[in-house]
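Keeping their order, the protein sequence lines are chains D and E.
Everything in the first sequence is counted per our numbering, starting at 1 for the first residue and increasing by one.
Everything in the second sequence is counted per our numbering, starting at 1 for the first residue and increasing by one.
Be aware that one or more of the hints could be misleading.
Incomplete in silico selection of chain E near chain D, CB under 7 Å [to be verified]:
| id | residue |
| --- | --- |
| 1 | Leu5 |
| 2 | Lys54 |
| 3 | Val56 |
To spell it out: a stretch of chain D is covered by chain E in this simulated footprint if at least three of its residues, at any positions, have a beta carbon under 8 Å from a beta carbon of chain E; those stretches are [claimed, not checked]:
| id | stretch |
| --- | --- |
| 4 | 65-78 |
| 5 | 382-393 |
| 6 | 402-410 |
Sample of chain D residues lacking proximity to chain E, with all beta carbon distances greater than 12 Å (derived) [what the hints assert, rightly or not]:
| id | residue |
| --- | --- |
| 7 | Asp113 |
| 8 | Thr145 |
| 9 | Pro210 |
| 10 | Pro331 |
| 11 | Met396 |
| 12 | Val457 |
Since the hints were made in silico from the structure, they are not lab data.
Each residue gets a CB set at the ideal place from its N, CA and C atoms; glycine is no exception.
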Amino acid sequence: MRLVRVLLVLAVLFIIACVGFIAATWKSEIPRIARPDPASFDPEIVKHGAQLAAVGNCIACHTVPGDKAFAGGLPVPTPFGTIYSTNITPDEQTGIGTWSEDAFRRAMREGTDRDGNHLYPAFPYDHFTLVSDDDDRALYAYLMTRQPVEATAPRNALIFPLNIRPLVAAWDLLFLNEGPYQPDPAQSEEWNRGAYLAEGLGHCGACHTPRNPLGAERRAHAFGGGEAEGWVAYAINSQSPAPIPWNQESLAFYLRHGFHQEHGVSRGPMAEVTGNLAGLPDQDVAAIATYVASLMGPTSPERLLQSEEHRTKVRDGELAISASSDSQAVPSSGPDRGAAIYRAACATCHESRRPLPFGGLPFDLSTAVNAPNPQNIINVVMFGLPPADGALSAVMPAFGGSLSDADVVALLQHLRRTFTKQADWTGLEGQVADTRSGAHAVRVRPADGIERGPANVGSVE
Amino acid sequence: MAIKLNVNGTEQTIDSDPETPLLYVLRNDLKLNAAKFGCGLGQCGACTVMVDGKPVLSCVTPILLMEGRQVTTVEGLGTIDQPGPMQQAFIAEQSAQCGYCIPGMMMRAQALLQDNPQANDREIRQALEFNLCRCGTHMRILRAIHRARDLMQQTNADANGRAG
Numbered sequence: 001m002r003l004v005r006v007l008l009v010l011a012v013l014f015i016i017a018c019v020g021f022i023a024a025t026w027k028s029e030i031p032r033i034a035r036p037d038p039a040s041f042d043p044e045i046v047k048h049g050a051q052l053a054a055v056g057n058c059i060a061c062h063t064v065p066g067d068k069a070f071a072g073g074l075p076v077p078t079p080f081g082t083i084y085s086t087n088i089t090p091d092e093q094t095g096i097g098t099w100s101e102d103a104f105r106r107a108m109r110e111g112t113d114r115d116g117n118h119l120y121p122a123f124p125y126d127h128f129t130l131v132s133d134d135d136d137r138a139l140y141a142y143l144m145t146r147q148p149v150e151a152t153a154p155r156n157a158l159i160f161p162l163n164i165r166p167l168v169a170a171w172d173l174l175f176l177n178e179g180p181y182q183p184d185p186a187q188s189e190e191w192n193r194g195a196y197l198a199e200g201l202g203h204c205g206a207c208h209t210p211r212n213p214l215g216a217e218r219r220a221h222a223f224g225g226g227e228a229e230g231w232v233a234y235a236i237n238s239q240s241p242a243p244i245p246w247n248q249e250s251l252a253f254y255l256r257h258g259f260h261q262e263h264g265v266s267r268g269p270m271a272e273v274t275g276n277l278a279g280l281p282d283q284d285v286a287a288i289a290t291y292v293a294s295l296m297g298p299t300s301p302e303r304l305l306q307s308e309e310h311r312t313k314v315r316d317g318e319l320a321i322s323a324s325s326d327s328q329a330v331p332s333s334g335p336d337r338g339a340a341i342y343r344a345a346c347a348t349c350h351e352s353r354r355p356l357p358f359g360g361l362p363f364d365l366s367t368a369v370n371a372p373n374p375q376n377i378i379n380v381v382m383f384g385l386p387p388a389d390g391a392l393s394a395v396m397p398a399f400g401g402s403l404s405d406a407d408v409v410a411l412l413q414h415l416r417r418t419f420t421k422q423a424d425w426t427g428l429e430g431q432v433a434d435t436r437s438g439a440h441a442v443r444v445r446p447a448d449g450i451e452r453g454p455a456n457v458g459s460v461e
Numbered sequence: 001m002a003i004k005l006n007v008n009g010t011e012q013t014i015d016s017d018p019e020t021p022l023l024y025v026l027r028n029d030l031k032l033n034a035a036k037f038g039c040g041l042g043q044c045g046a047c048t049v050m051v052d053g054k055p056v057l058s059c060v061t062p063i064l065l066m067e068g069r070q071v072t073t074v075e076g077l078g079t080i081d082q083p084g085p086m087q088q089a090f091i092a093e094q095s096a097q098c099g100y101c102i103p104g105m106m107m108r109a110q111a112l113l114q115d116n117p118q119a120n121d122r123e124i125r126q127a128l129e130f131n132l133c134r135c136g137t138h139m140r141i142l143r144a145i146h147r148a149r150d151l152m153q154q155t156n157a158d159a160n161g162r163a164g
C-alpha cells in the first residue's frame, strides 16, 4: 500500500512539474493585424531586407523548386521525421499576412509563431535570435511586400513524442541562447560584422557544425563539419581539409563569385549560398570572410610548405594526359582501371590548365578528394554540375550513366592515391552503391535552381 | 583490347585502344554517324547516346567502360522507311535547322520519355538543359518532344488495346 502511495505522490508531482513547465514556457498569442499596405513600407528598408533575406537563404527552404517563391511546403528531412517549411508570403489565410512586426520578431528571436506555438528548430531560430531589431524590421518589410500566395504546407510527419510542440520548449531551455548579438569588444568592427552575419542570419553552423542526438549544434565542435542534403559541409575551422589553406582574400572571392582558382566551384547546397551572397555589398562579404578566416586560425609553416608543393605541381608537373597510355589491357577493377578512366574521361578538362570556373579543377587542389568523407566527390562524379538556366555557369557532365559502381570506386581510389597523401577511404563501395540507389539521398540542382529547377537530378528523394 | 558491346541490338566486338571515346568507335568503326562531335569535352550534348537507357555523352565515355553494355543511337530509333516516334515527331515539327545538335537532343529526349513517359514541359526543359543548340530552334525541338511523347503514348495505348 505504501508503494502505491509513493507512486501516486510521484505521479502528482510529475504532473505538477509538467503543468508548471508548460506554464513557465507558455507563449501568448499576438493579435492578428490587417495585412499592411505594401506601399506603407519604405523602399530603402525593403531593399535592405532583400539583401538580408539573401544572407539568410530564406528562399531555399521556404520554396518548393519550380513553385512560387516563399510559399513553403518543401519537405525538410530530419532524423526525427519530415518537417514541411511554412508559407512566409503575406497571404492572410495561409501565410504571415496577419503577423505584426512584433510577431515576426518574436518568431525570429524566440522561435514562436504568432499563435504562440513553438516552432521546430529546423527553422534555425537558434541563429536568427541574434538578428538585430532593425534587421528584423527590414526582413519583415521585405516579406510583407512579396506577392501573397495561397498555399498550405502538408502536415509535419514527426516521430512521437516530438510531434508534441510544447516539448520544443525543453529544447529551447537547453540549446537556445537568446539574442540579439552582442559584439566582442576585443575584436575589430569588421570581425564583429562578419560574426553577426555568419552566426546569425547566415546560420553557417546549421550545416557546418556537427549535431548532437537531439539535433542541436555541438558548440564545442563549432564549424567542425556537418551534412546537408546528402552533401558533406566541410570543416571550416582549423580542421579544414582544403589542400591550399583558405585566407580572408580567397574566402571573400569564393563567397562573392561561387568559385576560387585554388579551391574549385561551389556546388550542392553551397551553390545556393554563394548565389545569394552575390547580391550583398562587398564589405559584408569581406566581413564574413574575415570572421571565417579567424575560425580557421593561422596556417602552420608545414601546411604552407605543402600548399607550395601543390602549387608547383599544378603549374609545372607532368600531365597524365600527355603520358603515353600504354594500356592495351585495362583490368576490370582497381586503381589501374581508375587511372585509365581518369586519363580518358577526366584529364581533358581537369588538366586543361584552363582557368576556373570553366576549366576543371586540378585534383591536387581538390578539397573533395582530400576530405575524410568521399561523399561530395561521389556526388559530383555521378550527378555532375548541372548548368544554370540562360547564364554562364560552371558545368560538369554526370558520369553516373557510363560508370558502373566498380568504375566509380576504381576512379576515386586512383584520385585519392595520386593527388593526396591521405589513406584510402574505407567503405567506398557501400557509399557509391547507396548514392546510386537513393538509400543515401542527394539533392543536386543547378546553382540558380532555387526557384527554377523543378526536379532533383541527384538520387531519388 | 577487344571489347564486346551491343549497339542498336547488334553484338559488336571492338578492338581498339581502351581509352578511345565511344563516339569515335560509333562513327569511325561502326559507321554510325548520327552522334556528332561538338566540343569533345562533354559540354554541348551533340554526342549524346543512350547507354542502358541512360543519356551518356559519348565523347567523354572511353570504350573500356562499355563492356557488355547496350548502346542506342538515333539509327536505333527507326529507319528511313519506318521512323520511330521520336524521329517522326522531329520531322513533323521540322525541328532541325543546321541539324548538328538534333541527334543529341533526340537521344536525351528518348531517354527521358523511356524513364518518364508522362514528362511535362518543365521536366523536358530541365532534361534538355545540358544540350546546346546554336541555331535557335529550341521551341520546335520542345514541340517535337511533346509530339513524340503523345505519339508514344498513343502507340502504347493502341498496342494495349490490341492485346486486350
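Right, here's what the structure says about each hint:
1. Leu5: E/Leu5 check fails; min Cβ-Cβ to chain D is 12 Å, beyond 7 Å.
2. Lys54: holds (3 Å)
3. Val56: holds (4 Å)
4. 65-78: That given contact is violated, which follows from only 1 residues of the stretch 65-78 of chain D lying within Cβ reach (below 8 Å) of chain E.
5. 382-393: holds (count 3)
6. 402-410: That given contact holds, which follows from 4 residues of the stretch 402-410 of chain D lying within Cβ reach (below 8 Å) of chain E.
7. Asp113: holds (32 Å)
8. Thr145: holds (28 Å)
9. Pro210: Correct as stated: the minimum Cβ-Cβ distance to chain E is 34 Å, above 12 Å.
10. Pro331: Not fine: 10 Å to the nearest Cβ puts D/Pro331 too close to chain E.
11. Met396: violated (8 Å)
12. Val457: D/Val457 not clear of chain E: closest Cβ-Cβ about 8 Å, inside 12 Å.
Comparing the model with each numbered hint stated earlier shows that hints 1, 4, 10, 11 and 12 do not hold.
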